[in-house]
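Chains as they are written, first to last, in my numbering: chain R, 1 to 325; chain A, 326 to 650; chain W, 651 to 979; chain V, 980 to 1308.
Straight-line C-alpha distance at most 30 Å; calculated DSS-like pairs for lysine-lysine:
(1) A:568 / R:243
(2) W:680 / R:174
(3) A:376 / W:758
(4) R:218 / R:252
(5) A:433 / W:758
(6) V:1170 / A:359
(7) A:577 / R:252
(8) V:1145 / R:48
(9) R:285 / A:642
(10) A:349 / W:758
(11) W:816 / A:376
(12) V:1170 / W:848
(13) A:376 / V:1170
(14) R:317 / A:577
(15) V:1009 / A:359
(16) V:1206 / R:108
(17) A:359 / V:1240
(18) R:24 / V:1296
(19) R:34 / W:911
(20) W:877 / A:373
(21) A:610 / R:243
(22) A:499 / V:1006
(23) W:816 / A:359
(24) A:433 / W:741
(25) W:967 / A:568
(26) W:677 / R:179
(27) R:108 / R:51
Chain V residues, not near chain A, derived (Cβ > 12 Å throughout):
(28) 983
(29) 1086
(30) 1256
(31) 1265
No wet-lab data here; the hints were simulated from the structure.
A quick note: this is a predicted structure, and the numbers were derived from the prediction, not measured.
Don't be surprised by glycine CBs; every beta carbon is placed ideally from N, CA and C.
Chain by chain, the residues run as shown.
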Amino acid sequence: MTRKISFSKAINEALHQEMERDEKVFIIGEDVAKMGGDFGITAGIWSKWPKRAFDTALSESAIIGLSCGAALCGLRPVAELMFADFIAVCYDQIVNNAAKLSYMYEGKASAQIVVRAVTGGGIRCAYHHSQCIEPWLMNIPGLVVLAPSTPYEAKGLLISAIRNNNPVIFLEHKGLYNKKGEVPEDLYELPLYKANIVREGSDITIVAAMSMVDFAQKAAEELSGQGIQCEIINPLTLFPLDKETIINSVAKTGRLVIIQEGPKFMGYAAEIGSMVYEEIFEYLKAPMKRITSLDTPVPFAPVMEDYVMPQYEDVLKACNQLMSF
Amino acid sequence: MTRKISFSKAINEALHQEMERDEKVFIIGEDVAKMGGDFGITAGIWSKWPKRAFDTALSESAIIGLSCGAALCGLRPVAELMFADFIAVCYDQIVNNAAKLSYMYEGKASAQIVVRAVTGGGIRCAYHHSQCIEPWLMNIPGLVVLAPSTPYEAKGLLISAIRNNNPVIFLEHKGLYNKKGEVPEDLYELPLYKANIVREGSDITIVAAMSMVDFAQKAAEELSGQGIQCEIINPLTLFPLDKETIINSVAKTGRLVIIQEGPKFMGYAAEIGSMVYEEIFEYLKAPMKRITSLDTPVPFAPVMEDYVMPQYEDVLKACNQLMSF
Amino acid sequence: MALSKDHMLNIYRDMVLIRRFEEIIEKYSKNGTIPGFIHLSIGQEAAQAGVIDVLRETDYKFPDHRGHGAIVLASRPEDRKLIMAEIFGKKTGINGGRGGSMHINDLKVRNMGFNGIQGSTVVTSLGTAFASVYNQTDDVTVVFMGDGTLGEGTCHESMNMAATWKLPLIYVLINNQYAISTPYTESHPQKQLSDWGKGYNVPSMTVDGNDIEAVIEVTQSAVDRAKRGEGPTLIELMTYRWQGHFSGDPAAYRPEGELEKWKEKCPIKLAKEKLLNHFGVHESEITEIHNWVEKEINSYLEFSLASPNPSPQDSIKYVYTDVEVEGRS
Amino acid sequence: MALSKDHMLNIYRDMVLIRRFEEIIEKYSKNGTIPGFIHLSIGQEAAQAGVIDVLRETDYKFPDHRGHGAIVLASRPEDRKLIMAEIFGKKTGINGGRGGSMHINDLKVRNMGFNGIQGSTVVTSLGTAFASVYNQTDDVTVVFMGDGTLGEGTCHESMNMAATWKLPLIYVLINNQYAISTPYTESHPQKQLSDWGKGYNVPSMTVDGNDIEAVIEVTQSAVDRAKRGEGPTLIELMTYRWQGHFSGDPAAYRPEGELEKWKEKCPIKLAKEKLLNHFGVHESEITEIHNWVEKEINSYLEFSLASPNPSPQDSIKYVYTDVEVEGRS
Ligand SMILES: Cc1ncc(C[n+]2csc(CCOP(=O)(O)OP(=O)(O)O)c2C)c(N)n1
Ligand SMILES: Cc1ncc(C[n+]2csc(CCOP(=O)(O)OP(=O)(O)O)c2C)c(N)n1
Ligand SMILES: [Mg+2]
Ligand SMILES: [Mg+2]
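Kindly generate the complete structure, drawing on both the sequences and the hints.
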């Protein structure tokens, strides 16, 4: 049996090992070098490779712009943006620069960068440090958005991301950093653009990513006791999405529940639902249910933040409703 | 009969009349004052009110930031961003500042601003001047996104937008500027958050906005000749969306086609489809069809740009397929 | 600048008040009662108290993320307990508990609040300064920013526009040496960050931010300049934060002895020495101030602890000014 | 700086070539053959030719939206017709017609292309300069930007970082007096925009951008400084665009007589006078150059006009480096 390490340690290890393997990899961001990152994720890198770890000013557009330019020269920058909400201040660099470089250069060069960012709520940091920014990026052809849910996935996907030639937004959900799991010590890649069937089941397909996967698993356990067998799909790559795995599952179960943190309206659950409605209508047995955050900013007070987040009981309720539809 | 004026003239008139009526209204942006706007939309304002029309540097974040601050003091800024693609450089100011001010101030003040921006493709300006940026904004609670399709709608909605206390993104599709239509000379408001049933029909609901409405109408005419009666819904306010009107229509027709410029994946057609699938599944007779742009950046060469845009024949094909499903 | 004895005593009390305010919330943050993160400004009292001292209630104030001190001092005395309750996330908080430490605003005294995105208020503040000109009032705007925040592009857009249009906007750059762990000398090319403002032809100066009299003087002259229609000023206040970036950060990145050196220059200690040595104040008057502060702070704390949590359902209020968003059934 | 006669003749030819290139595309834009908008740099030839003249093929070049001249001169002679074909949106275009006038890149000569968002390349160029340091090569990076573009926050973030890290990056600020219709004096507070760079301790200077020798000299010294590891330079080149912002803009915002005054200072005219008066060049040599240019340009034009359109299906290529996006059936 492999050792168990935390989600944050898994990311740290992936960075160390890829830095070791490929000297074109470097890290850049605010406080990523000497301090090892605001969340400690880049610990130990600067002391090993002082010339390949860069603390910057608070200049997110420059961080991403520089990364794009360096990538065009063949380097492999891994940039940290701290809170994913800060993507807003360098949004242009991500959607109008990084995402379009491969297209502009006809594939002769591309923004082979990884942008690490911490997404999601739960730590009582209110409006600007708690958002689920996934939908900001998923309508932008050219981007890749990764969303691991376990230490094992985090390490393997990050390694794949660094080696991949597209601009990859690598999302780390704050709620997962302390989660432990088995992780091989060696370097390994996990395939991009491939969803994971977390659990097989015949009655309902539940799609869930990042910290919502645990949620889904708990619900599936509980429902299994009631005779309802849920199949859980974790997309892993949110964009471009592995449509096939989801479609195949819903074609089998006929029922779809999506658990998604972040506002409901125009969240990615919307795309998944429409995809299914459009492509396998004849297999559907019941309406889709979306279990999401409320359509509000994320407030500070714990009772308020908890209220806007997806509710566990709603998952159970939704599944029961679908079965008796 | 009222006189006919162009879409751009209708916007210009709304601005003049609201400036006249309310001295708290001012315009700000690049080249909006002395030159009257890159697209000529603000013509004549500066010469009438030289102290209420401001040419700025190329500083979109400052334009929106200033507008937010001025709004907090009770003014009513109307900012022009020229091409909507430039929203990317001030995205933070829109999503993390304007959108959240009412929430942060508990409704005691809000970003009562209008941001005018020119969206969409068709003028051979490639990657950074042709995008449909609607999805960038529609997952952000607090924002209002308006999308008129006729001169009449443009004038009435802009007047409502200026008087409204939320931050409103007012989208002007480049393909519509020269379109003419009847427009009352007086000031009038059109209701926000209210879709327009452009045409009634019993067989298929077609949802279309901005320049896609003409597209839908043409198709509806043609299909009517074949005995297929389409109901066309134009949301007008894309966000927050008038769900009810759409849901009622699809509950009647059982069939849904959405024509949407911009990439398919995570476009707003996705939300409309899911909404219907979730809420009125039992009324649905056939799968939804989304007629959209391809999931690519917008290329320059006319044959290429035309290829990525929504295709008219696909609307006809989709409607026929739904009827024979 | 020579302050009167009363003025000096008042401002001394202000500084002690915000120091104690911070020490209390530090305690309740560390023991887990206060949710989330808080950024403490212990050691930076003069930079906050001095600037606020010069401003009127109608002047627009944009505090930064480390701005509890400025926020408390800008508020009306009866509201200060509401500010603490906000940090505790309580229903009685000045913003109903929805904002917490980083998002405290109070429109009646034109505390416009902070935005968690560094550099954001630096452009929002253009708008209040602009409104003063548009409405022909003489209210000035002050925006607080850190040495790190100067990295953001918005600082340039703001300074460029304020300088071109001569807006009544004062940039108070609190240089506390670090942005999280990064010394300003490693992220900016200037010797003094005020050099940056000179590139815009904006009067820019660096002042000892722990010297309360110097802070008041430089702020007053910037306010006067703004009111004369001469445009913005950039004031760099040199100071130091004694705690880590947030309460709980061990600040391992600081060289040994640095903190101690700065503690010698504690703004409260310096003010006290002045009071005793130059203003002929008695120890007993000082003690009285401290006693008053203690009672005051304790009343805020009791109020905060005793206050109820917000109603969860309030979360859906005020998203729009006119549209209800869906809650939970 | 004294150029040799041959050098001066070469650069004169370069300037005539890009002038004629622009005049031809202007004609075909006005008659509707070229789709979209084009931004002409007629009148700004020295600012482009002089800078490119100093650079090697391996130096990184970021042209701006008005940069056809720099793009043509940076390219290999055999590729110049492909550049024109790109502007015509043809399959033979150097980027297959997908980019058009504003998005012409040519990686083999390290023309990195423009990004339609003003200020974007100003930060991307940090990355190529950074890579030179990381890879220990001595290739410098030059980014062209306009007086208007200086309004963008990215300029600050870039200059701050380049200056702090002493990156081999040269900012060529082409001050052609206007951003669309807005004179730079109305959107910036400095007397000369190069003053801005001084706020970052960056060597910054303003030079007559119509004087080809001055442009070459100042660029050479910036390149030398970059190679010595002394960091960035800001060069403001004063010039004027003769046409409107885009081909078709009547430029009604210009005061009367302004254009005429600047036409007197035409960089090509000035260079020709120098050639005739100081370099002992004969009129016949000049005529020969013009004849050569005419033939050359005509061959680009014929090629462009004769070239086929791209295949529509190519639109879906290269969105990702490894994922196919869906096309139309
Ligand atoms: C756009 C953005 N980038 C990064 C952060 C994270 N962050 C919060 S405070 C801070 C450091 C700010 O330093 P400074 O301006 O010097 O203020 P100080 O904390 O020293 O008072 C950083 C990097 C943020 N909130 N917003
Ligand atoms: C972010 C952004 N804002 C606005 C524009 C629209 N725009 C294109 S060129 C231009 C003026 C640029 O002026 P300057 O930098 O002086 O260059 P010039 O056109 O004079 O050569 C503007 C406003 C843009 N492309 N990108
Ligand atoms: Mg600091
Ligand atoms: Mg210019």
